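J.: Those sequence lines, one after another, are chains V and B.
Those letters in the first sequence? Residues 499 to 818, per this note's numbering, in order.
Those letters in the second sequence? Residues 5 to 386, per this note's numbering, in order.
Careful: at least some of the hints might be erroneous.
Think about it this way: if two alpha-carbon atoms lie no more than 30 Å apart in a straight line, the pair counts; the simulated DSS-like pairs of lysine-lysine are [stated by the list, open to error]:
| no. | chain 1 | residue 1 | chain 2 | residue 2 |
| --- | --- | --- | --- | --- |
| 1 | V | K760 | V | K504 |
| 2 | B | K271 | V | K733 |
| 3 | B | K92 | V | K760 |
| 4 | V | K725 | V | K759 |
| 5 | B | K362 | B | K330 |
| 6 | B | K300 | B | K345 |
| 7 | B | K125 | V | K594 |
| 8 | V | K594 | V | K503 |
| 9 | V | K725 | B | K362 |
| 10 | B | K271 | B | K330 |
| 11 | V | K733 | V | K504 |
| 12 | V | K504 | V | K725 |
Keep in mind the hints are simulated off the structure, nothing from the lab.
This one's a predicted model, so the numbers in the text were calculated from it and none came from an experiment.
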Amino acid sequence: MAEMKKTYVLSAAAVGPDAHTDADGQLCVDVDNRADLRDALADCGLNIRRAGHFCELALAGSQTVIKRLGRTVPTDTPVYLGTGIGEAGNTRALFKQVMSDGAANASPYGFVASSSNTAAFYVAKAAGLRSRNMTVCQEEFSFEWALRLAASDIETGASNTALAGGADEYCPPRSEHIHRLPLSDGQAMGEGSGWLYLSCGNSGAIGEVLGVWDFVFAEGDRGGFAKEAASLIGKTGLSGGNAFLLPGFRLDGAMIDGLVKKLPGIEVERYIERCGAFHAAAAFAAASVFEGRGRGQRVCFHVNTGTSGRAFVFAILAYA
Amino acid sequence: MVRIAGMGAVSSCGAGADALTAALRAGVGTSTPGRAFGACLPPGLRLNQYAARPHAPGAKSSIAIQPIIIDSIKEALVDASLAAEDIKDAGLIIGTSGFLAEAESGYIADREAGAQAVPLKLRGTGRVATHIAGALGMRGPVVTLTTACTSSANALLVAAGMIERAELRRAVVAGAEVLSAFAVNGFSSMMLLSPQGCRPFDAERSGIQLGEACAAVILEAASEGRGDYICGGANVCDTHNVISTNIDGGAVMGVMADAIRRARIGKGEIRAIKAHGTGSIDNDAAEGAGMKALFKDKVPPFTGFKGYFGHTLGACGAIETVAMVKCLRAGFVPPALGFSKEDRSIGLTPLRVRMEAKPGYYMLNFFGFGGNNTSLILRHLR
């Protein structure tokens, strides 16, 4: 097999909800105050008046990552968008339109807009792309899969560049949305978008994708989970010494502690406090690794589990 | 090489992949007056529905797509002479436009029970694949693609790519749809449903004929020998319009050309094309223009399957690939059911009688909302 190429990160962008500190000094995600996306969308060149909030989140993130890149994106750059619940807001609105008493017909554009790959269409259109375009919908691992497929394209030479992103929206009230994203009482709902622009070339690179791995463990076997996750992290040869653990929203305190014990020197960065929990929150994590640069070289390991004994780990190296 | 090792299917033709071949051999459509969609179904419209739906909308219990997918996978295992143990480490890749029928039936059931009905009470489309992997003891990678009508075609493309790159040795690919009032209503509001059914490329075509289906395909790495192989494919997003690809055919031509290039063959080697052929004014115009732009005056014989078992949305990639392979193995390419009169603005006529299937390369095209276009290249070796 041909030599595998490295996957470099040339640009990153994270979009999240408003976060503020409450009277007790606790950082809170105020997801009911939605992120103001007007600036990010101002120059996208599209009429997205009828697009929903999910589409806006995906587009705001992708447009920001392209602006930060500072150069033209090749038109054959594939787009991989991961989302747990896609066009939830549009679909919910249509649901009420079609299913309520005295139901009316769905609006034609509303029906098309409810298709989960509409957002990826607008991402490609705004970027002037004519390329592979995949929407991945695999619950808590939606972004991990988008990243895996994008990185694989680059490693194998199928593509020289790729856009890998994730986005999910919050549709209030919480009492309804909890059915779409089961969370414990203490977990804050979130929403947001995160994008990485990837390349096989390192000119202007700000980091690298070191790997994306998945594994299965016996449900409830915290020890087995920690052992396997730590083993995968250890394989990078970079853990310890400016290494960070980014725990996904399905990891509870005991799981995080178990991992930290097996990875001496690793620091925990609780990004969920900034964006709240949503299926594609890993995308926010991956992009926010590159925020506040000047902290020295960092290697960040994102770990999350699903609801049935599966887990994903990805590792990103952010240059100094 | 990526070999098609086993197949299974459930559709309006009946249970089992052989039911598809029987319908296509007999030249018989399998639509019926739409059941259980009530007021949202325009009068006289027919649908291609499962002969035995898991549950009807509005019943006390919810629709569940999982049993149908599992049955299709089990049929594919038998077809491939494999046991459940043999797919323990295989990947599971599902393509679907979404499983809204479950949310819909749950909503109706809650309302009928006097409970608070929550719209879109779904954990996300990917939960079905997670459940199925667990039920079948599959520990390999699990992923769901949702790209509207190209979903399971893209699932085949992605799975084949993972096998070619040695990320997987074997993959179970499934395409699945259950019709929902939501979808029927939506297509109806777009005036895309045809009272006359699917008439692909016909001068008097007037829209699509909706269907539901499930199909499973087991792919594996193999060296060349007798059998059927996915030897290339391409996916390209045409950003012309979010509803349909450009009717000038440029994007259609582009994705077909890309698929041929990736399969490392010449366009003259394509023996026949399974067109997307929805019967909609714009899709068939675009597809015809694309075929002419690429093949010029040597457009290969082409056919469409949606007159037989409907446009099964996200499942059409898998079910139409299964149907094509089954027919090739039986020695024929079926004609395009529903066609009778050439549209002079397209200037092409699909197959009107059965064509003998010879060893060689066959192209399968799929196009969907969001300008998502996919073309697969099959190699059929006897």
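J.: Taking each numbered hint in turn, which are not upheld by the structure, reported in ascending numerical order?
T.: Violated hints: 2, 8, 9; rest satisfied.
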